[in-house]
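Using the sequences provided together with the hints, build the complete structure.
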Amino acid sequence: MSNPIVPSSLTASAAESGTKAALNLNSAGQKPYGGPDWSRFAKVDWLLLPLLGVVVVIVLWFALSATLSKDLPNPTRTWEASKSYVLEPFAYRGELDQGILRFTWLSLVLVAKGYVIALLVGTPLGFVLGLSKTMTKALDPIIQVLRPVSPLAWLPLGMVLFLGAGKQASELAALFTIAVCAMWPTVLNTAVGVRAIPTDYLNVAKVLKLSRWKTLTKVMIPATLPYMFAGFRLSLGIAWLVIVAAEMLTGRPGVGGFLWQQYNALVYEQIILCILTIGVVGFILDRLMSVVERRFKTA
Amino acid sequence: MSAYCELFNLTKIYPSPKGPAVIVKDFNLRLTEGEFVTLIGHSGCGKSTVLSMVAGLNGITDGGIILAGRELAGPGPDRGVVFQSPSLLPWLTAFENVMLGINQVFFTAPKHEREQIAEYYLSVVGLADAMHKRPAELSQGMRQRVGIARAFALKPKMLLLDEPFGMLDSLTRYELQAVLLDLWRKNRISALMVTHDVDEALYLSDRVVCMTDGPEAEVGDIVEVKFPRPRDRKAVMEHPDYYPLRERLIEFLEVHAHRRRPKAGAA
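Protein chains in written order, with our numbering: chain A, 45 to 343; chain B, 28 to 294.
Among the hints, a few may not be true.
[As the list claims (entries may be wrong)] Cut-off 30 Å, straight-line C-alpha distance, at most; resulting in silico cross-link-like pairs (DSS-like, lysine-lysine):
id, chain 1, residue 1, chain 2, residue 2
1, B, Lys184, B, Lys213
2, B, Lys213, A, Lys253
3, B, Lys160, A, Lys253
[Unchecked claim] Facing chain B, according to a computed beta carbon distance under 8 Å, are these residues of chain A, among others:
id, residue
4, Tyr245
5, Val251
6, Leu254
7, Val263
Source of the hints: derived by calculation from the structure; they are not laboratory data. Computed from a predicted model, the values in this text were never measured in an experiment. Where a beta carbon is used, it is the ideal one built from N, C-alpha and C, also for glycine.
Okay, here's the thing in structure tokens:
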């Protein structure tokens with residue numbers, strides 16, 4: 045406990061405030077200074093400060109709904125109106141009146157389909173771009189031009205494309221939009237990953253005279269996986285962003301569709317519920333992907 | 028003495044904006060079966076280029092290489108290569124890294140036999156207890172042991188070693204030189220090694236080939252090393268010929284390697 049480099053002023057002040065110093069010593073254990081125990085504060089830090097942030101936002105929300113924007117339902121009203129959706133998350137009261145988790149599930153299913161298409165198209169395309177300079181030169185300008193196009197612009201094109209599909213048109217258009225928008229990070233990251241495969245690994249494949257297929261499956265794909273998963277994660281984030289837009293425009297049931305419908309019906313209370321749901325689900329998806337991604341980082 | 032491996036007029040020219048860059052010119056070398064030959068020379072003199080041409084990883088501009096009566100074209104598992112960096116695939120265990128080559132070469136053998144080969148060579152290089160670890164869990168020296176096991180396990184006609192111990196500390200280097208020598212003695216595979224460590228060259232080889240500095244690198248001097256085998260490091264270093272040979276190699280590297288010889292002339 046005795047530390048020779050304790051500044052005299054600190055020891056003096058600790059001795060002065062009797063109980064305080066005793067408390068600090070007990071909790072701090074090894075702390076030579078008798079000062080505050082920062083490790084205990086750190087825990088409070090990530091629990092208390094975020095809570096504080098939430099409280100501030102809610103207060104601002106109250107203030108905003110009371111002053112500037114009278115149409116915005118305040119937090120209590122929002123909760124009252126959303127309660128049934130949250131407390132009975134799987135209720136089915138009609139096509140566009142379902143529990144929030146039921147809506148989320150519908151959205152997730154659509155996203156999953158579009159996302160799988162994006163990966164199935166994007167990964168091979170990324171490989172082709174990574175392997176062939178000619179293909180890169182040919183396709184890169186197109187990709188750079190198509191990449192920044194908003195989902196809101198793709199959706200009408202999708203509707204036109206699948207006009208002949210009748211009832212299915214809106215779902216196919218939504219899938220098309222999700223796939224087209226979400227594909228790019230996968231394409232670009234895979235291409236970068238393929239270009240970054242160490243020559244050493246390729247030399248091993250050459251020396252062993254591995255067939256093209258074996259070189260691809262045993263060397264190139266494993267070497268590219270970390271990059272691919274970084275792309276997959278970004279793609280999933282975009283796919284989830286797009287779903288809302290797609291549902292809004294097509295009127296399909298889901299979180300986004302519900303939000304838009306309520307807005308059009310002049311029921312504003314559930315808009316914030318939907319926004320929160322979309323945010324939380326997006327956050328969870330990103331966390332899940334980062335867990336998967338980390339598993340491949342060591343490779 | 029018939030040549031088992033012959034490098035004739037081996038030449039490497041890279042096109043460059045300032046005209047063709049001649050890295051290696053008319054490099055001639057013959058190896059007998061089971062011979063251990065070392066190439067020494069300054070960094071960047073083109074010795075690794077020669078080796079990678081033999082490995083088939085680098086295109087040959089002119090001349091050729093004959094191994095066991097056949098002219099080589101491209102890479103192949105008949106030459107076991109030990110790279111400077113161990114070049115293990117990090118997502119495979121040591122065992123799986125060795126198996127990758129074995130499956131390729133001995134694809135007709137039943138699975139348990141192939142696995143036995145990998146286990147045998149990994150045990151011989153001292154990795155019996157660590158063979159199911161990934162490269163990230165192994166030390167640099169252990170990784171290079173895997174690299175050596177991988178090369179020998181293919182039962183190659185020739186062994187190519189590109190500064191295999193250059194990245195190791197001297198203690199580990201000594202250990203691995205002994206491991207290599209032991210395996211080489213048991214298998215009697217012709218070996219061509221590149222190094223810039225004179226002591227390593229003397230300890231391991233039957234002949235040391237000194238290369239002149241590039242561009243247009245070629246054979247400068249060939250030194251026969253006739254220490255009795257099996258070799259023991261201490262005995263080698265105490266051999267009366269050791270220091271004269273060492274002096275000769277170092278003098279070559281310090282003086283003659285830099286001297287540009289006339290194109291047609293011999294040294």
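Do the hints match the structure? See the list:
Only pairs whose Cα atoms come within 30 Å are accepted, and Lys184 (chain B) paired with Lys213 (chain B) is accepted, the gap being roughly 14 Å. Proposed proximity of Lys213 (chain B) and Lys253 (chain A) is supported: the alpha carbons are some 26 Å apart, at most 30 Å. Our distance criterion of 30 Å between C-alpha atoms is met by Lys160 (chain B) and Lys253 (chain A), whose separation comes to about 25 Å. Annotation: interface hint on Tyr245 (chain A) holds; nearest CB of chain B at approximately 6 Å, less than 8 Å.
Restraint check, Val251 (chain A) versus chain B: the minimum CB separation of about 5 Å is within 8 Å; hint holds. With its C-beta approaching chain B no nearer than about 6 Å, Leu254 (chain A) sits inside the 8 Å limit, and its interface hint holds. For Val263 (chain A), the shortest C-beta to C-beta distance to chain B is roughly 7 Å, which falls under 8 Å, so the interface hint holds.
Hint check: no violations occur; every hint is consistent with the structure.
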